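Number of protein chains: 2
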Amino acid sequence: MHRYERLADHLRERIQAGFYQVHERLPSVRALAQAHGVSLSTVQHAYHQLEDAQLIEARPKSGYFVSPRRERLPAPPVARTAQRPVEVSQWEHVREGTCVLPDTSMHNLGRGMPDIDAPTLKPLLRALARVSRRQDLIGLNYDTLHGRPELREQIARLAVGQGCRLHPDDIVVTTGCHEAISIAMRAVCEPGGIIAVDSPSFYGALQSIRAYGMKAMEIPTDPETGISLEALELALEQWPIRAIQLTPTCNNPLGYTLSEARKRALYALAQRFDVAIIEDDVYGDLSYGFPRPVTIKSFDEDGRVLLCSSFSKTLAPGLRIGWIAPGRYHERALHMKYVGTGSTATQGQMAVAEFIREGHHEPHLRRMRAQYQGNRDRMLDVIESAFPASTRVSYPAGGFMLWLECADGIDSVALNQRLMAEGIRIAPGVVFSATGKYRHCLRLNHAVFDAEIARAVSRVGHCVAEMLTQRADAGQPETA
Amino acid sequence: MHRYERLADHLRERIQAGFYQVHERLPSVRALAQAHGVSLSTVQHAYHQLEDAQLIEARPKSGYFVSPRRERLPAPPVARTAQRPVEVSQWEHVREGTCVLPDTSMHNLGRGMPDIDAPTLKPLLRALARVSRRQDLIGLNYDTLHGRPELREQIARLAVGQGCRLHPDDIVVTTGCHEAISIAMRAVCEPGGIIAVDSPSFYGALQSIRAYGMKAMEIPTDPETGISLEALELALEQWPIRAIQLTPTCNNPLGYTLSEARKRALYALAQRFDVAIIEDDVYGDLSYGFPRPVTIKSFDEDGRVLLCSSFSKTLAPGLRIGWIAPGRYHERALHMKYVGTGSTATQGQMAVAEFIREGHHEPHLRRMRAQYQGNRDRMLDVIESAFPASTRVSYPAGGFMLWLECADGIDSVALNQRLMAEGIRIAPGVVFSATGKYRHCLRLNHAVFDAEIARAVSRVGHCVAEMLTQRADAGQPETA
Ligand SMILES: Cc1ncc(COP(=O)(O)O)c(C=O)c1O
Ligand SMILES: Cc1ncc(COP(=O)(O)O)c(C=O)c1O
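Same order as they appear, the protein sequences are chains A and B. UniProt numbering puts the first sequence at residues 1 to 480. UniProt numbering puts the second sequence at residues 1 to 480.
Hints were generated in silico from the structure; no laboratory data involved. One or more of the hints may lead you astray.
Copies of the same chain look alike in the list, so a pair counts if it works inside one copy or between any two.
Taking lysine to aspartate or glutamate and the DMTMM-like style, the derived pairs with C-alpha atoms no more than 25 Å apart in a straight line are [what the hints assert, rightly or not]: (1) 437 with 331; (2) 61 with 224; (3) 122 with 224; (4) 437 with 5; (5) 122 with 103; (6) 437 with 466.
On a predicted model such as this, the values are computed, not experimentally measured, just so you know.
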């Protein structure tokens, strides 16, 4: 553990114990450095970590203060997973959720859609229209396999904010983060090989494991602190795992951000067992804490991290523009990119590059982060009042997803069926598991929040309550 | 063999033997029917086949006439291929050709780029700009996994012209034909499995075979009549082949169109050996004969044909919009689509659907077919005058590619290197082979033809001649 991490832990304990009260000013950086005999930057580092965790907040020119902490519902506990590699099933449930047309008469709380109606996104629409009118017709032409140079340049610039030094040539543009993950898996693992994943986990990654004939080793993951490094180490000792695939920053579906210390420890584990890390950072830029947490890729000294991301959650998913920085697997990744789709659609790339170059990206992110954080709290309020008391819920550090755990035996697949008749969709927990676990869990999207959505969420809660009562009435035994 | 095929063969022989002379009027449909004791539609069918083969042409209200037949350079002979399944190599050469940026200072005769500067394509640019301005923002949203309904509807309508009855729900939109082929292979074949391919063959399909750990069984293919059904049958008898992948209409790189009789025979073979057919129809709509030849898919009675295509060659490759009609493999194909890229970029789909719905597609195709056919002949003239007499060249029935076979020992990879210094690129033959055959062959793009391109093609020819002289001077022995 680093010095600053020890200091952060010390401060966290004091805040949680009530030694420092809400809205109280914390010691100045200088005072703390003297008291603990550490450097100023160590203190700053520790304070940044606590800021990321939303325990404290900086006020310009006056220092750090303890954040008001909402009364929180209990978080879900760590789930137990199979302690061996498994085949992935659940496609029928994933299919159900992805073969849906955008439908304004429906409240789709199930899908990973950002809010695309923000005014800060308008310049992107203008850029798209402009690109279509370009006389050189480059937008209609095959792009180079790597992706447009002007876009890779912007992606490399943005990476600096994630603690990463990337050259544009380190990056391959992809058809969304989905293709990036798909490329990464095929680049590092043969059919029959084993990939370790956080659990619950993004269903797209799980289904890729299935499609390529691989197996998933699901690692128990804490909704607050993230993937269990102890369980991961055990798995790495016992099985010939080829790669660790996870979403360590603003995790989908749990919402946690792995601390920098744990990210480093995970990287060290990967080095020790010589496995690759497939780091999905698709929600990373939506971290409520600012500056955003660093990526595992930022520690990568031997090219074993394949960083995967996209503009789907930050700008618009319909563009299908993502990227991969595949480190030492660059050549294999490029081959997999080639055989998967050839090059990526050209016009969208050009428009996004313009949007970023003209300075619209950062203001847009700032707005969306604030909106999503606010909506999180609003939706949590509704959940607290409408769901049965047995419900547990995550407290995301970024993004726009909440993870709910209902009482054992509540079937969220059946819940979803029932809600669909009323024009509401949720994401049932089973899709986040290789083998249909998390059936009593569900994920809700809080990208957009208004009175109608509040009503829809209430309706979900009441439906869960009804199901609970019906179960009690029927005297059904609890199923695992 | 069908009756009309026997009749067509009979007429072909007579034309080729000079019994019917160039510009001579052929017997009327009625007269021929009476003479041969067949129905009117049998004669019509036979005449259509000869039209497809560009041997005769219809003149409105006056009947069928023998086409003027240009003095043709000799076609390349059928190449010998390895008579066993092989692993695919050659990625470094494919990579070289696809990691290239569009560059107006370069004459890229190597890539499969259509002419995107035609006036008939302008409505597409307008549609793209219009879609960007749509208030409902559907273009920014995740599309359903299958692709936009309005686009699938148009694709199903167009399929009628290929003899196919498809329902929009039979179609899955993809990120180009490349993704369609990639999906098809993974849907029908496991890693380690064998796929039979025409040879020479589209390099993207070959590289997919490599990437998915499969093996290629290359089937000798005649530049005029297409894949050898005899060799294919032998291969099917000897090896556990899972699928036949080929481009039977306006083949890339050879330019032939498999006759309808051979398409039927191939389908029957697939049935007999119970293998799937992956039919790449990406150039099919650019057949110079009109109406365009039917697809193998049009005979498909048990869903074993996976039809793959795109708008890359007919409209614009930068859109990356293709489709697959995977028949009985629909569910597996949908899963492979999901894990490869999730859904396809939305805006381009909407714009293409509008372009077709508004009636711009057919006039555009008509124009492009005429342009490409004219350019073929112009480029053939240049080739005839500039290349050594030992050169053989294909006589495409559609599309915009010419296949040249130089004297044995001419190294087209070295040729390409040399030409690049002068701002010219070609596609070296090796990329069309699993194992680096066709090194003395090359492919040239004739989508656009003007004085500058003529000069570039001349330059290629002179370069080949120089290499030939240098070889003779050096007294190098011929290499295989
Ligand atoms: C964690 C995670 N990774 C990747 C993706 C896929 O992103 P894209 O739409 O860019 O393919 C998603 C979207 O659902 C996601 O939630
Ligand atoms: C025969 C053939 N099939 C498929 C493709 C790929 O098409 P797309 O650009 O739509 O992926 C090409 C393009 O080079 C081709 O020549």
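25 Å Cα cut-off: does residue 122 pair with residue 224 within a copy, between copies, both or neither? This pair counts as neither: shortest intra-copy Cα distance 35 Å, inter-copy 54 Å.
For residue 122 vs residue 103, is the C-alpha pair at or below 25 Å within one copy, between two copies, both, or neither? within (21 Å within a copy, 31 Å between copies)
Homomeric proximity label, residue 61 with residue 224: Cα distance no greater than 25 Å: Answer is neither; intra-copy 31 Å and inter-copy 80 Å both fail.
Copy assignment of residue 437 with residue 5, given that the CA separation must stay at most 25 Å: neither (34 Å within a copy, 60 Å between copies)
Which holds for residue 437 with residue 331 at a C-alpha limit of 25 Å: within a copy, between copies, both or neither? between (37 Å within a copy, 23 Å between copies)
Identical-chain pair category, residue 437 with residue 466, by Cα at 25 Å: within (22 Å within a copy, 69 Å between copies)
Of the numbered hints listed earlier, those contradicted by the structure are 2, 3 and 4.
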